[in-house]
Amino acid sequence: MSFFYLLLQLIAALMVAPLFDGMARKLRARFQSRVGPSIFQTYRDLFKLLKRGRTKSHSTSFIYTLSPYLLFVSAAAIFCLLPITYGVDSPLAGISDIFVLLYLSALFRFVFIIAGFDTANPFAGVGSSREATIGFYSEAVIIISLVVVMLGAGNSNLPVIVEAVRAGEYGYLIPSYAIASTAFLWVMYVETARKPYDLAEAEQELQEGVLGEYCGKDLAIIDMALMLKQFSMLGFFLIVFEPWGMGHSILSLLLFLVEVGVLYVLAVFIDNFGPRFTMNKGVRITMLFPFSIACLALMLYVIGV
Amino acid sequence: METIYTLFLLASLLSIALYKKPLWAHRLGFALASLFSLYAAIFFFSHLGETLVWKLPGSFISAPTFRLDSLGMLFSFLISVVAFAVSLFSLDYARFYEKKANLAAFASLMNAFILSMLLVVASDGVFSFMLLWEVMTLISALLILINDGEGASKKAMIYLGIAQLGAFCLMVALLVMASLAGSFEFSEFGRLDISEGASIALFLLLLVGLGSKAGMFPFHVWLPLAYGQCPSNASALMSGVMIKVALFAFIKFSLLLPLSSTFGYILLLFGGLSVLFGVLYAVVANDYKAAIAYSSCENVGIIFLGLGAAFYGIGENLPVVALLGFVAALFHILNHALFKSLLFMLSGNLYTATGSKEMDSLGGIHKKMPFTSILFLVAVLAIGALPPLNGFASEWVTYQAMLQGGVEEGIAPRLFFTFGIIALAVGGALAIMAFSKAYGALFLGLPRDEAIYEGIQEVSSIRLWPLAFLASLCVGLGIFMGEVVSLLSTMVASYIPTANAEDASTLSMPLVVLVMLLCAVVPFVLLYITKANHAPIRVTEPWACGFIYNKNMQIGSNAFTGDIRRALRFLLRYESESKMEGYFSRVTYKKKARDLFWDRLYEPVISWVMEAADKIGIFQNGRTNLYAGYILVYLCLVLIFGYYHL
Chain A
147 MSFFYLLLQL
157 IAALMVAPLF
167 DGMARKLRAR
177 FQSRVGPSIF
187 QTYRDLFKLL
197 KRGRTKSHST
207 SFIYTLSPYL
217 LFVSAAAIFC
227 LLPITYGVDS
237 PLAGISDIFV
247 LLYLSALFRF
257 VFIIAGFDTA
267 NPFAGVGSSR
277 EATIGFYSEA
287 VIIISLVVVM
297 LGAGNSNLPV
307 IVEAVRAGEY
317 GYLIPSYAIA
327 STAFLWVMYV
337 ETARKPYDLA
347 EAEQELQEGV
357 LGEYCGKDLA
367 IIDMALMLKQ
377 FSMLGFFLIV
387 FEPWGMGHSI
397 LSLLLFLVEV
407 GVLYVLAVFI
417 DNFGPRFTMN
427 KGVRITMLFP
437 FSIACLALML
447 YVIGV
Chain B
347 METIYTLFLL
357 ASLLSIALYK
367 KPLWAHRLGF
377 ALASLFSLYA
387 AIFFFSHLGE
397 TLVWKLPGSF
407 ISAPTFRLDS
417 LGMLFSFLIS
427 VVAFAVSLFS
437 LDYARFYEKK
447 ANLAAFASLM
457 NAFILSMLLV
467 VASDGVFSFM
477 LLWEVMTLIS
487 ALLILINDGE
497 GASKKAMIYL
507 GIAQLGAFCL
517 MVALLVMASL
527 AGSFEFSEFG
537 RLDISEGASI
547 ALFLLLLVGL
557 GSKAGMFPFH
567 VWLPLAYGQC
577 PSNASALMSG
587 VMIKVALFAF
597 IKFSLLLPLS
607 STFGYILLLF
617 GGLSVLFGVL
627 YAVVANDYKA
637 AIAYSSCENV
647 GIIFLGLGAA
657 FYGIGENLPV
667 VALLGFVAAL
677 FHILNHALFK
687 SLLFMLSGNL
697 YTATGSKEMD
707 SLGGIHKKMP
717 FTSILFLVAV
727 LAIGALPPLN
737 GFASEWVTYQ
747 AMLQGGVEEG
757 IAPRLFFTFG
767 IIALAVGGAL
777 AIMAFSKAYG
787 ALFLGLPRDE
797 AIYEGIQEVS
807 SIRLWPLAFL
817 ASLCVGLGIF
827 MGEVVSLLST
837 MVASYIPTAN
847 AEDASTLSMP
857 LVVLVMLLCA
867 VVPFVLLYIT
877 KANHAPIRVT
887 EPWACGFIYN
897 KNMQIGSNAF
907 TGDIRRALRF
917 LLRYESESKM
927 EGYFSRVTYK
937 KKARDLFWDR
947 LYEPVISWVM
957 EAADKIGIFQ
967 NGRTNLYAGY
977 ILVYLCLVLI
987 FGYYHL
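Sequence order for the protein chains is A and B. For the first sequence, position 266 matches number 412 in the numbering used here, and the numbering has no gaps at all. For the second sequence, position 29 matches number 375 in the numbering used here, and the numbering has no gaps at all.
For the record, the hints were derived by calculation from the structure and aren't laboratory data. Every residue gets a Cβ at the ideal spot worked out from N, C-alpha and C, and that includes glycine. Please note that a few of the clues may not be correct.
Below, a list of computed lysine-lysine pairs in the DSS-like style, where the Cα atoms sit at most 30 Å apart [to be verified]:
{"#": "1", "chain 1": "A", "residue 1": "202", "chain 2": "B", "residue 2": "877"}
{"#": "2", "chain 1": "B", "residue 1": "925", "chain 2": "A", "residue 2": "202"}
{"#": "3", "chain 1": "B", "residue 1": "937", "chain 2": "B", "residue 2": "500"}
{"#": "4", "chain 1": "A", "residue 1": "427", "chain 2": "A", "residue 2": "197"}
{"#": "5", "chain 1": "A", "residue 1": "202", "chain 2": "B", "residue 2": "938"}
{"#": "6", "chain 1": "A", "residue 1": "172", "chain 2": "B", "residue 2": "500"}
{"#": "7", "chain 1": "A", "residue 1": "427", "chain 2": "B", "residue 2": "598"}
{"#": "8", "chain 1": "B", "residue 1": "366", "chain 2": "A", "residue 2": "197"}
{"#": "9", "chain 1": "B", "residue 1": "937", "chain 2": "A", "residue 2": "194"}
{"#": "10", "chain 1": "B", "residue 1": "445", "chain 2": "B", "residue 2": "366"}
{"#": "11", "chain 1": "A", "residue 1": "202", "chain 2": "B", "residue 2": "598"}
{"#": "12", "chain 1": "B", "residue 1": "936", "chain 2": "A", "residue 2": "427"}
{"#": "13", "chain 1": "A", "residue 1": "427", "chain 2": "B", "residue 2": "938"}
{"#": "14", "chain 1": "B", "residue 1": "925", "chain 2": "B", "residue 2": "938"}
Label pairs and their computed distance ranges (CB to CB) [claimed, not checked]:
{"#": "15", "chain 1": "B", "residue 1": "893", "chain 2": "A", "residue 2": "178", "range": "26 to 34 Å"}
{"#": "16", "chain 1": "B", "residue 1": "806", "chain 2": "A", "residue 2": "208", "range": "19 to 27 Å"}
{"#": "17", "chain 1": "B", "residue 1": "922", "chain 2": "A", "residue 2": "204", "range": "19 to 27 Å"}
{"#": "18", "chain 1": "A", "residue 1": "412", "chain 2": "B", "residue 2": "893", "range": "35 to 43 Å"}
{"#": "19", "chain 1": "A", "residue 1": "421", "chain 2": "B", "residue 2": "757", "range": "39 to 47 Å"}
{"#": "20", "chain 1": "A", "residue 1": "194", "chain 2": "B", "residue 2": "893", "range": "25 to 33 Å"}
{"#": "21", "chain 1": "A", "residue 1": "194", "chain 2": "B", "residue 2": "934", "range": "20 to 28 Å"}
{"#": "22", "chain 1": "A", "residue 1": "312", "chain 2": "B", "residue 2": "840", "range": "35 to 43 Å"}
{"#": "23", "chain 1": "A", "residue 1": "394", "chain 2": "B", "residue 2": "905", "range": "50 to 58 Å"}
{"#": "24", "chain 1": "A", "residue 1": "421", "chain 2": "B", "residue 2": "922", "range": "29 to 37 Å"}
{"#": "25", "chain 1": "B", "residue 1": "818", "chain 2": "A", "residue 2": "199", "range": "35 to 43 Å"}
{"#": "26", "chain 1": "B", "residue 1": "538", "chain 2": "A", "residue 2": "435", "range": "23 to 31 Å"}
{"#": "27", "chain 1": "B", "residue 1": "867", "chain 2": "A", "residue 2": "199", "range": "36 to 44 Å"}
{"#": "28", "chain 1": "A", "residue 1": "321", "chain 2": "B", "residue 2": "938", "range": "43 to 51 Å"}
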């Protein structure tokens, strides 16, 4: 039964993620005084890609063939491990652990990087390097914010943390938790690969550079994996810091999807008005802000508030 | 157990006796070594949890006893398993060094090295321990010299220098402990009853003595030098097992001291620093063997984090923290031995096939060496702590131990444990970067140097099967982490009286794998439902934005880390060299990261010592008369001293 809910959670996210992506694109277009595509455009893009033929670089090896599926598996596993439709009493509760989530996203990053190397494409290589560097920056902030929460709640298990926050044993009344949430939301925004940190729209851009050599059904699967990863990252924030529950699995899932979708679309506000940064000036300096916020939260935890 | 030791001694003597016929000797020596270590592995595994004692017959200066308790048994098992894979691998690999050294000596040294490590683990007296410890150091230094070449003796001297510094501290600590306990047998030490200040001083001596051998920060400088120069099978043994012997001794001796939470803090601090600096240098290294060597420092740091939690737990009487900490440290020791020796042997395969250690001159090797490449991928996934492999399993337990410690009230535990957790996580992100770069730059993409690429051939199967054995152990220990943790925790619980073996929390890794498999089905179902285009894939040139593609456009190991090097430039120093011979000729550009701590910490000390040695040198001018004069002066001084004070 719990596996049924797990699949339901995954498939529901897969179904609605392109819709929110379409809404975000429409909104961005409206900001830029364009008419913009229909909100269903992302679905059409995916279907079109699935029907297209494929070409690949002659340098590629088995990594090229495998990486779309590996990326999908790691992104989907991250999403499945978010305790949306299940709670502490489920058999899956044991593996819904913050460290498992973090290292699955490290697996995603690892596959992304070696996929970039495999195609021997110059843009892909730069994209890989950038992905690794951003990973280093964001990992520090993520772990500092989460350490505060994990130590505050005394556990790294997500359903237990959710339970504690919902019951009011632990939450915004504790200053370190409140401050950590700010830093964490900031890095989750960075992880969703938007301006000013990244712009996942055109091939010659940075993150998507890795995908420059991918096409057809491979690209469609990677696109879904990327959307799923962005969804899970925002979901990760919501689960840890805003765990609203409805008491019923299906209703919680619906509420969760709406919440994530709203965050996903709202991110366009920052995305659209932000400038673009170079890697070693802008990104490094702006990442210092969430880093110092997270350190502040940590200091508060250490002195015991 | 005495049979095993005798067999290894025989194998060593037999292969050196055949030094006139090196090819025969090396075949015989390594075949015997693999046979004996397989037997040893089975023997030690079947006796896990028992205590075996063996007294050397006859009086040999003193009469040393060898005692294996359950911890020693585990380490002996670990040594034999890795030694089995390494000696099987060496059967073919060692022939690469035919021109540089006598293979009979090589085989004999390897056998003696395995024997010395097994004996160090078992020895129960201060003198036999120190003697065997030095023998182990010397043999490993000789193994560095097997690959004779430019700078080999300097590297061996640096290794020996740091090892001697460590051995000195260790000797002092052990002698003080022995005199306090009134016995030279470790098993009769009991728990020493000394003041906290004295125990911290002894602990620091032990940490310097054994940490320097284990490659802890700031003693990590010898790692890339020694491992880079060593033949790969020897560096697999050194990195995989020898540094574990040092850690074993560290655990054994510090448990004899009255533990306090300060010990835990010291270990957490040095563990965290080792993780961060070790992995940072691994990221910027362009030499794949150096990157693997630096990551040893990182992994020793992770083991120290686990041990730090354990010592804190014992000091503060928190049995759960202590139990989890020890289990984490032992589990990571086990895992690191497996994947690090695997990585070193794979780097040996690469080096014999390509003759280059620079990542920037290789590339695309997967097409020529597919098996080596896949094994390398498994090792890299394990060392990058990616689920569901074993590196992740032990890091997860380490995190749990540190979490349990960090919840305690008080500023000090919170500060040190959060530092440990953050160092481990940031180190994890950098490890991903270092090893994805290594795998990508070595095996994927297009070859950067055609001349090297043409000559590459996959190595023979005898050099792949033992590696496949280690790789499958890496996967197996990850998936069955529950069983491993329960085995280790029952073992550890016998050392901590208050702990309950069932308190060790584990993660249900098979369930994680199941969820991942379930997720893997989804895209195929989607592709089936939507009737995706499955037409065969067309092969083209990589796309270069409309320019004509050139293989030099692909990213190299140096460029890959450009951003991070710029961001962390205050921690790194470089030697860069660019050569331009003429306007139209090719410009060569080389950049090599220097170890900051070598420049800042070791160079000044070395130059000071050299200067002091120069000053003292004037007393030693080689004239016999003067030396006789020194003796006379000394005798006079002794007489005067004796007259007034006795």
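Original post:
Among the hints numbered above, which are violated by the structure, and what are their numbers in rising order?
Top reply: Hints 2, 4, 5, 6, 7, 8, 9, 11, 17, 21, 26 and 27 not satisfied by this model.
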